[in-house]
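The sequence shown: position 45 = 45 (the working numbering), numbered continuously.
A couple of the hints might just be wrong.
Stated by the list, open to error - In silico lysine-lysine, DSBU-like type, Cα no more than 35 angstroms apart, as pairs:
id : residue 1 : residue 2
1  : Lys-459   : Lys-569
2  : Lys-176   : Lys-471
3  : Lys-276   : Lys-471
4  : Lys-503   : Lys-571
5  : Lys-460   : Lys-503
6  : Lys-475   : Lys-459
7  : Lys-582   : Lys-524
8  : Lys-503   : Lys-471
9  : Lys-537   : Lys-298
10 : Lys-471   : Lys-459
11 : Lys-205   : Lys-217
12 : Lys-460   : Lys-524
13 : Lys-460   : Lys-298
14 : Lys-216   : Lys-172
15 : Lys-97    : Lys-205
16 : Lys-459   : Lys-298
17 : Lys-459   : Lys-503
18 : Lys-475   : Lys-569
For the record, the hints were derived by calculation from the structure and aren't laboratory data.
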Amino acid sequence: MPGIAGIIGKQDTNEGKRELRTMVDGIIHEPHYSSGFYVNEVMQVYIGWAAHNGSFCDCMPVWNESRDICLIYSGEDFADSGVVADLRAKGHQFDGKDATRLVHLYEELGQGFLERLNGWFSGLLIDIRTGTLMLFNDRYGLGRIYYAEDEAGFYFASEAKALLKVLPRLRKVDYKSLGEVFACGCVLQNRTIFSGISLLPQGSKWFFSGGPEALKKSYFDPASWECLPTLGEEEYYEHLRDTFRGIVPRYFQGNDGIGMSLTGGLDGRMIMASAKRAPGTLPCYSFGSTYRDNVDVKIARQVAGECGQTHRTIIVGPEFYPRFPQLAERAVYISDGTMDVTGSVELYVNAVAREIASVRLTGNYGSEIIRGGVAFRPGTFPVRLLDDDFLEHVRTAAFTYEQEYRCHPLTFIAFKQVPWHHYSRLSVEQSQLVLRSPYLDNDLVALVYQAPPGAVINKKPSLRIIENGNKSLAKIPTDRGLLYRPIPLVTDICHRYAEFMFKAEYAYDYGMPQWVARIDHAVKMFHLERIFLGRHKFYHFRVWYRDYFFRYLEDVLLDHRSRSRDYLKGKELERIVTEHVKGHANHTVEIHRMLTTELIYRLFIEA
């Protein structure tokens, strides 16, 4: 996805420039990216960037009027209008719709400008006046910076692959991190899957002066929000309503066209109820299954219609199947192995979404921040598939998770779950378009720390905000059959039916018991998937692996290289692949992980 890449402290200028170009080439994934370089030989800094054309940061490098302060920035900033007005009042000249204002914010506030930024970002501030460099990222850590320290320099980039291209010694999998991926679905504690590559902690400001050694500091600590006073129930709702209504307009900034991705849930609808966009100005879309209009599509179409907006369904169907091998490999590659092969679907639908609008506004993270949803926990993995030594790393991951979980619940969600678990899908999405969500707005997250007991796990505040913003939207049941003003008996029946169908689809797809899988395959000619699938989900990998992708699975996972990996038992790998493609069992989750890990080896370690 778009980002930055650079080297600090490199003394060999020619080699530094060559390595920089190689690193930047590694983060350009689409022809619509813009890119560039800046080199300051005196300060020994080599920095490059890639950005979506026309995006907030497609104006690099940014200089102040006297050209002695330079900013390289990737991401966005959703400042309130007062920040822009203050800078203009002080005589600064800039385009209010892009990142050119940020260098002037640094001029006025110094390092304190970081605390005023509101968004997901990373960057390098080059202060020629003092001869110092400041490398930074956002307080949540979604603006990732991978780094490796070398005697020849400090290497950093938004994507690990940029480092692997110029530092081949780093092409080694860290088994502790891989064990966490098998157990939890992601690497924990700001480590990476590659030995020798680390992540800049969230809220960092690292300083360099005349060399590759960093003075490591931070500008934000979640503890400053944890100690905020708790509000009363009604007072909290009023603040939540007013804050949400106030921040939503920030996410419609800029010159790019904006599209709204809608589901049948609460969070996108809260945005629609609060945005008050003129009819026909906000194209909406949803992701649909080939089997039928799923619940998301049906409800989103109603929501868009009530708001006077168009709606389009982006279907994942037969045209996706032959592209799966290429898209699966690209998703793993683009995400540096953080996203599994199901990211192929995300690549597919977001590329289509970009044709509608280059900015995608979404309700992502709403259920996590507003309603305290914990999205990942340690799970089980077939013991007999894994090598005994590696299995210890998988088991240890559960203890690491429990240690990290012992903190304020919202701190775990916003500052651990979001950057560790949710980043993977975001990285794939942002490779195709600019993604925005108001649910990680600084003002909103800070307010939720003040929620009274029970308010965070309650859906009523969200339902109430929808009704307060648009009563017609409040009359449309959610994908789980919920209403703010329930109809006696009817709403309860609808809710129970929706929950049953959601669980039934899961049971037929990912969660299908092994003995049922054999029966399902035996009656394959009746296409029972047409009855159960596509009501809630728009992708169906259990069936796809069996019926459409089996040749690719066999080519990759039954290959000698795959079966001889030292972290697994080759005969067991052969068994689970054979059983699944023949329809004798359901090994969807295991195939996700084994196929993704094999691609990590082939794309990053052995490439």
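List of violated hint numbers, smallest to largest = 1, 2, 12, 18
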